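Q: Got chain Z sorted already, so can you dock chains V, S and W onto it with the hints?
4 protein chains.
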Amino acid sequence: MAQLGLIGLGKMGFNMRERLRAAGHEVVGYDRNPDVTDSTSLEDMVSKLDGPRIVWIMVPAGEPTRQTVAELGNLLSEGDLVIDGGNSKYTDDRINADLLAAKKIGYLDCGVSGGVWGKDNGYGLMVGGAASDVEKAMPIFDALRPEGPRDEGFSHAGAVGSGHYAKMIHNGIEYGMMQAFAEGFELLEAAKVVENVPAVIKGWQRGTVVRSWLLDLLVRALDEDPELDDLEGYVEDSGEGRWTLEEAINNAVPAPVISAALFARFASRQEDSAAMRAVAALRNQFGGHSVKKAGD
Amino acid sequence: MAQLGLIGLGKMGFNMRERLRAAGHEVVGYDRNPDVTDSTSLEDMVSKLDGPRIVWIMVPAGEPTRQTVAELGNLLSEGDLVIDGGNSKYTDDRINADLLAAKKIGYLDCGVSGGVWGKDNGYGLMVGGAASDVEKAMPIFDALRPEGPRDEGFSHAGAVGSGHYAKMIHNGIEYGMMQAFAEGFELLEAAKVVENVPAVIKGWQRGTVVRSWLLDLLVRALDEDPELDDLEGYVEDSGEGRWTLEEAINNAVPAPVISAALFARFASRQEDSAAMRAVAALRNQFGGHSVKKAGD
Amino acid sequence: MAQLGLIGLGKMGFNMRERLRAAGHEVVGYDRNPDVTDSTSLEDMVSKLDGPRIVWIMVPAGEPTRQTVAELGNLLSEGDLVIDGGNSKYTDDRINADLLAAKKIGYLDCGVSGGVWGKDNGYGLMVGGAASDVEKAMPIFDALRPEGPRDEGFSHAGAVGSGHYAKMIHNGIEYGMMQAFAEGFELLEAAKVVENVPAVIKGWQRGTVVRSWLLDLLVRALDEDPELDDLEGYVEDSGEGRWTLEEAINNAVPAPVISAALFARFASRQEDSAAMRAVAALRNQFGGHSVKKAGD
Amino acid sequence: MAQLGLIGLGKMGFNMRERLRAAGHEVVGYDRNPDVTDSTSLEDMVSKLDGPRIVWIMVPAGEPTRQTVAELGNLLSEGDLVIDGGNSKYTDDRINADLLAAKKIGYLDCGVSGGVWGKDNGYGLMVGGAASDVEKAMPIFDALRPEGPRDEGFSHAGAVGSGHYAKMIHNGIEYGMMQAFAEGFELLEAAKVVENVPAVIKGWQRGTVVRSWLLDLLVRALDEDPELDDLEGYVEDSGEGRWTLEEAINNAVPAPVISAALFARFASRQEDSAAMRAVAALRNQFGGHSVKKAGD
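Each protein sequence line maps, in turn, to chains Z, V, S and W.
Take 478 as the starting number for the first sequence in my numbering and just add one per residue.
Take 478 as the starting number for the second sequence in my numbering and just add one per residue.
Take 478 as the starting number for the third sequence in my numbering and just add one per residue.
Take 478 as the starting number for the fourth sequence in my numbering and just add one per residue.
These are computed hints drawn from the structure, not numbers from a lab.
Keep in mind it's a predicted model, so treat the numbers as computed, not measured.
Glycine included, each C-beta is placed from N, C-alpha and C at the ideal position.
Don't take each hint at face value.
Unchecked claim - Here are the simulated lysine to aspartate or glutamate pairs, EDC-like style, with alpha carbons at most 16 angstroms apart:
id: 1; chain 1: S; residue 1: K770; chain 2: W; residue 2: D575
id: 2; chain 1: V; residue 1: K770; chain 2: Z; residue 2: E713
id: 3; chain 1: S; residue 1: K770; chain 2: W; residue 2: E713
id: 4; chain 1: W; residue 1: K770; chain 2: S; residue 2: D702
As the list claims (entries may be wrong) - Restraint-style ranges between C-beta atoms, simulated for each label pair:
id: 5; chain 1: S; residue 1: S609; chain 2: Z; residue 2: A771; range: 53 to 63 angstroms
id: 6; chain 1: W; residue 1: E672; chain 2: V; residue 2: S518; range: 48 to 58 angstroms
id: 7; chain 1: Z; residue 1: A771; chain 2: W; residue 2: I572; range: 37 to 47 angstroms
id: 8; chain 1: W; residue 1: E713; chain 2: V; residue 2: E548; range: 55 to 65 angstroms
The shape of chain Z in the complex, shown without the other chains (with noise of 0.2 angstroms):
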């Protein structure tokens, strides 16, 4: 059995340290909340591990996984390995794994997919480094990965950077899906032709072309909230969708659906859109149609 240092035990680490142990690995867990942790600093998580250590990042991308990863080429030493599983963009990696290799320590990053259902399913991985680390470390994603195949689950998509990438362009595939649906499901509201709208949804889930884990998902919610009235139609967007459309852009490939998704969210955000304030005195200014005043 394995032996790993878990930085950050939130809503994805937390369950990803009762899905190693329970697969019998030992996990030394450290974050700020002394709820959770086992730890009280990182420098006594890593004096808890025995070397050559191995610690998993899964804190917030950007600033909080780069400074986490200074601080271990402070504590961790020549032959220690560390594991960038959150959602950190792909270019941060290069700049990580060079700190790390000044002192002989490994780096892997590594896309995590499943979100809170992956302490039971188990977690899609992604990972990129050097072939001998990603051996090293193979205990660990064979325990996290589901059941089943290894290469159904996990993968070994290159040099450093390419597990983040992966992920980066799956999410961008996500948003593209989700979209799809989503659009699928606003048409059969608004026609009123289907009028069982869940149970068509429900009776997708076997035989047909769209039959998903996303579609399950939808199944879901619709038992929950038939007409998804309890929420409103306001969605956050990570840094993955932005990214995946910033690599369209720097490889010249249109990407119409990613983009399109993307573009609905930030409207979903908009109580009013200065864009359409401006169509809406155009129409006006030409045709002297009537315009909703503000406070109307």
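A: Same frame as chain Z, but now just chains V, S and W:
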């Protein structure tokens, strides 16, 4: 000087009568509104015209226009000419023309652009029908179209229906252009890098690639309301944008810009989006992402 | 065990007959192709069925289906039931149902999903029509649908037309999902950050948010042809995608993802784009930008 | 009359020198091309200018411009002024300005629109930087901008960077407008309802809502080549369209039209689309739909 029967004296028809009379033509208008009409009924209007008569219809597209054509079929005589200057769908024209042709009455369809500015600036005209009918009505077209070379403000597009077809596509392009300006306006507003947004837009009126009448109108709107916050981003659509998209479908022509402009209008009118409620519900299901509850 | 007349023994109908017979039902098929038919004519097929008869139509949508319905109207008797399992437009269903109702013959429309895999996996079914007619045909539906709970692979969507409506929306969603995967695949291919693209996609099959039947099929395609370069990026569209977009127009529902997916198919079939020739011409006009001459 | 150093005498810079000289200004140009240059080196150019000097850079954006700024930092003196009139990304301007400010040299960024027509029509100008620097260069701006009121062809957009920002958004809008015309053109061509497409487009030049300089250029292009079939639908993109989309991402502003226009250009340059190969492969997998084999 020519003589014209003009049915429909609303915002457009009223102004057209003014322009035609200013050019010296005789116009006998008919409208249900007694304050503006020149005749008490269609029959009365027709009786006041010398043959061969030319009658211009300027009433709402669809049923009102079709019904007016049918009534005229009973009132007019062989050799008369009917012109539909409204925003009819081009497929209506063939039906109207055939109905009148059975009585040897001519038919032209005429797309009219220019809005409330047409009275003074002239109207852009696109005409479909037989060349001999176009010739008969040319004094009317010449009075309605803008000053300058005839072929820069008037076209004979082809057979019956082609005038409205050209106008439909014109409006589809207009949707796209307006949305392009609108997105640019919102970006300038949102980024706050440009300090004086109205000045920048005003400064685009000469020398730039985007100089256009729509830009002039946007400048005018910003003169009156520099942040366009006296109105709401709520935008109606008339038939032409939808029909243009139907034509894209029917002809397998990609129309991503025109469709995006149309969908932006649809979205502008939604209080809350069922689609985005579905996306929010899915995110909540898989990730435990927080959602805005209705009523929050 | 039930008895069924089945008209149309092409790719779909042939497999459905296999599945129905494997379940113990008696199927009398009719097809113009003598190699596969069980009867020499529609009349012959009908004569081989005991009343009250159930006849399933599985021929191309549009004229062929409408004509088959009309012929069945002359051959069947009061109390018989016709099921259109093809990809008819939902507006055809009301017409078909009324025609048969005049002769007291029942009518159901049934959207069928699952493609060539349906023979073994079962077909996802969405049915529109009267509950009593649905009840009569339930043994057939139960044999065609996948194993598992009935309501996960079958739905009674509502009145006549709602089955095909549900199938149309299903296919619109499918278009969007496929395009989402397609854009992700192209991004992975273009960026070359991920070294082993098929392995990453294969590794998404378990635990991830995008796991789905379409993903499984993409994995299968990549197993056979890892860069998908044995085929061309030329994609047909059938009616459902277009009709879904028409519904979006008719109901003023924004459908940016589904429309983008449809337009991508349109564009994939163009050797050269008139639109992009116009953009090239404009750039050349204002900027003297070089253009590719035809034939270069 | 003012004196100006002008670096870069390509298509744009050469014409600007002509226009400035025609207005009576003294221009000392520098270009690596000995056929057009007025000086043998940057040093030589600077030596020919009286202080306080104004130097206009008109070289490609990115490295060439940044390097020229650095060299000018070594050659110019306190109180001199550098204007970057190229298509630099607005984020470069702050860096350039700071570098020069360390030597008390002023800096303005100036977006320049109008293409090859600017020599005769004047250029639309958008300037960022200190008001005092703008004032110094006003005689130059007045000579370059079009006839007419200054504020219709020139704007002081705000601080350093805002001129290029305004130009970037201008170009984003331009992308959308061009694509709108392009889609309209393709629809007219494809549907064949309008018999005389060039005549219809020519007839839009007066009175219509879409009248614009781009329309005039489209008319000009159609005069030369009525079906635009002397060129290919292959369209380059410069930085501004991509940067506009990046700004949309960074500011969470929906930009469906501008992104669609950019993606259409990306797609126009693809011989074959990996994305559409994936869609074709998927259709083949589930439906046995025929595919075009590469090389067919």
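Q: Please go over all the hints and tell whether each is borne out by the structure.
A: Each hint, compared with the structure:
A C-alpha spacing of about 44 angstroms is found between K770 of chain S and D575 of chain W, which places the hinted pair above 16 angstroms, so the restraint is violated. At roughly 14 angstroms between alpha-carbon atoms, K770 of chain V and E713 of chain Z fall within 16 angstroms of each other, so this suggested pair holds. Restraint check for K770 of chain S and E713 of chain W: satisfied, since their Cα atoms lie roughly 14 angstroms apart, inside the 16 angstroms limit. Note on K770 of chain W and D702 of chain S: the hinted pairing holds, with a Cα-Cα distance of about 12 angstroms set against a maximum of 16 angstroms.
Range check, S609 of chain S to A771 of chain Z: Cβ separation about 54 angstroms, and the 53 to 63 angstroms hint holds. A beta carbon spacing of about 38 angstroms between E672 of chain W and S518 of chain V contradicts the range 48 to 58 angstroms that was offered as a hint. Here the CB-CB span from A771 of chain Z to I572 of chain W is close to 40 angstroms, well matched to the stated 37 to 47 angstroms. Taken as a hint, the range 55 to 65 angstroms holds for the pair E713 of chain W and E548 of chain V, whose Cβ atoms sit roughly 56 angstroms apart.
Violated hints for the displayed structure, listed by number in ascending order: 1 and 6.
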